[in-house]
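Participant: If you count the sequence shown from 1, position 180 lands on 169 in this note's numbering, and the numbers rise without skipping.
None of these hints come from the bench; they were simulated from the model. Glycine is no exception: its CB is placed at the ideal position from the N, C-alpha and C atoms. Treat each hint with caution, since some may be false.
Calculated cross-link-like contacts (lysine-lysine; reagent style BS3-like; alpha-carbon spacing at most 30 angstroms) [stated by the list, open to error]:
1) 242 / 121
2) 104 / 89
3) 154 / 104
4) 24 / 183
5) 127 / 58
6) 30 / 154
7) 89 / 30
8) 89 / 23
9) 242 / 127
10) 127 / 30
11) 89 / 58
12) 30 / 242
13) 121 / 23
14) 154 / 24
15) 127 / 183
16) 121 / 183
17) 58 / 23
18) 24 / 58
19) 104 / 127
20) 121 / 58
21) 242 / 183
22) 23 / 127
23) 30 / 104
24) 58 / 154
25) 154 / 183
26) 121 / 154
27) 58 / 30
28) 154 / 127
29) 104 / 24
30) 89 / 154
31) 154 / 242
32) 104 / 121
33) 89 / 121
34) 104 / 58
35) 183 / 89
Beta-carbon label-pair distances, calculated as ranges [to be verified]:
36) 57 / 93: 26 to 32 angstroms
37) 242 / 97: 25 to 31 angstroms
38) 97 / 182: 20 to 26 angstroms
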Amino acid sequence: MLVLRSILFNIAFYINLILQMIVMTPAYFLSPRKKSWFVPKNWVRSNHWLMENIVGTTFEIDGLENIPKGEGYIFAPKHQSFWDAYALLPWMEDPFYILKRELTWIPLFGWYVMKQRMVPVDRGARGKVMAKVLERAKREMDSGRQLIIYPEGTRRPAGAPPEYKYGIARLYRDLNVPVVPIVMHPGLFWPRRKFMRYPGHFRVIILPPIEAGLDPDVFLARLMDVMETASDALLLETVRNNPHVPLPPTAAKRVAELQA
């Protein structure tokens, strides 16, 4: 049944994506930019419904009160799964990403992305190009938007040793805004690079923001400390509450280390 439910969910997920993108195109592109967020946010909510009703996976969010009000900030989540690339959008007012320029070339999807003034960047870009990217990001941030950045840069399996990139420290310094850390373990239920989906329940924890203005090295050390401490505690809790979920080797090893 797990295999069947996983197959059904994956089919439903991509059909839902394609149909909503096509059907909602007129409403999306005729709406003012900020108001048009209702289209992708409704798509996200429908994915949560599919995940709950086909697979049996649910989640809750703690710490919404930690999201700054009326100012720009950097949203810094753990990144384990495709799930966390979109799942929190309904709880954000007007987010944006710095993303690969190639994504903007995808028909229709790229048009959706560019309407929301995402910031495209060439892979391996340096010097003047990165200065322009930062200038664009600062302009969006000054208008009160929220930049989503994954501190480790790419998806990492649950329990994997931390590999934080210095890029978030540079952005923190140059944009001079608070950073909101988020920890979660959706990778146990929607593993990266696998089609299997597992039922269960997990928590997303939004931690108190780290204030602007710290030395970048001090900031990065604090970010790693608060995120890894909270992530380890949450991993133990999630595994304890979902004993049926198969653990990737990284998670099994980390759980054993923490329990010892």
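Participant: Now tell me if each hint is right for this structure.
Facilitator: Against the structure, the hints:
no.: 1; hint: 242 / 121; verdict: violated (42 angstroms)
no.: 2; hint: 104 / 89; verdict: holds (16 angstroms)
no.: 3; hint: 154 / 104; verdict: holds (29 angstroms)
no.: 4; hint: 24 / 183; verdict: violated (35 angstroms)
no.: 5; hint: 127 / 58; verdict: holds (18 angstroms)
no.: 6; hint: 30 / 154; verdict: holds (29 angstroms)
no.: 7; hint: 89 / 30; verdict: holds (22 angstroms)
no.: 8; hint: 89 / 23; verdict: holds (22 angstroms)
no.: 9; hint: 242 / 127; verdict: violated (40 angstroms)
no.: 10; hint: 127 / 30; verdict: holds (24 angstroms)
no.: 11; hint: 89 / 58; verdict: holds (29 angstroms)
no.: 12; hint: 30 / 242; verdict: violated (36 angstroms)
no.: 13; hint: 121 / 23; verdict: holds (23 angstroms)
no.: 14; hint: 154 / 24; verdict: violated (33 angstroms)
no.: 15; hint: 127 / 183; verdict: violated (36 angstroms)
no.: 16; hint: 121 / 183; verdict: violated (36 angstroms)
no.: 17; hint: 58 / 23; verdict: holds (17 angstroms)
no.: 18; hint: 24 / 58; verdict: holds (18 angstroms)
no.: 19; hint: 104 / 127; verdict: holds (18 angstroms)
no.: 20; hint: 121 / 58; verdict: holds (27 angstroms)
no.: 21; hint: 242 / 183; verdict: holds (20 angstroms)
no.: 22; hint: 23 / 127; verdict: holds (18 angstroms)
no.: 23; hint: 30 / 104; verdict: holds (15 angstroms)
no.: 24; hint: 58 / 154; verdict: holds (27 angstroms)
no.: 25; hint: 154 / 183; verdict: holds (25 angstroms)
no.: 26; hint: 121 / 154; verdict: holds (20 angstroms)
no.: 27; hint: 58 / 30; verdict: holds (19 angstroms)
no.: 28; hint: 154 / 127; verdict: holds (20 angstroms)
no.: 29; hint: 104 / 24; verdict: holds (11 angstroms)
no.: 30; hint: 89 / 154; verdict: holds (17 angstroms)
no.: 31; hint: 154 / 242; verdict: holds (23 angstroms)
no.: 32; hint: 104 / 121; verdict: holds (19 angstroms)
no.: 33; hint: 89 / 121; verdict: holds (14 angstroms)
no.: 34; hint: 104 / 58; verdict: holds (24 angstroms)
no.: 35; hint: 183 / 89; verdict: holds (23 angstroms)
no.: 36; hint: 57 / 93: 26 to 32 angstroms; verdict: holds (28 angstroms)
no.: 37; hint: 242 / 97: 25 to 31 angstroms; verdict: violated (42 angstroms)
no.: 38; hint: 97 / 182: 20 to 26 angstroms; verdict: holds (25 angstroms)
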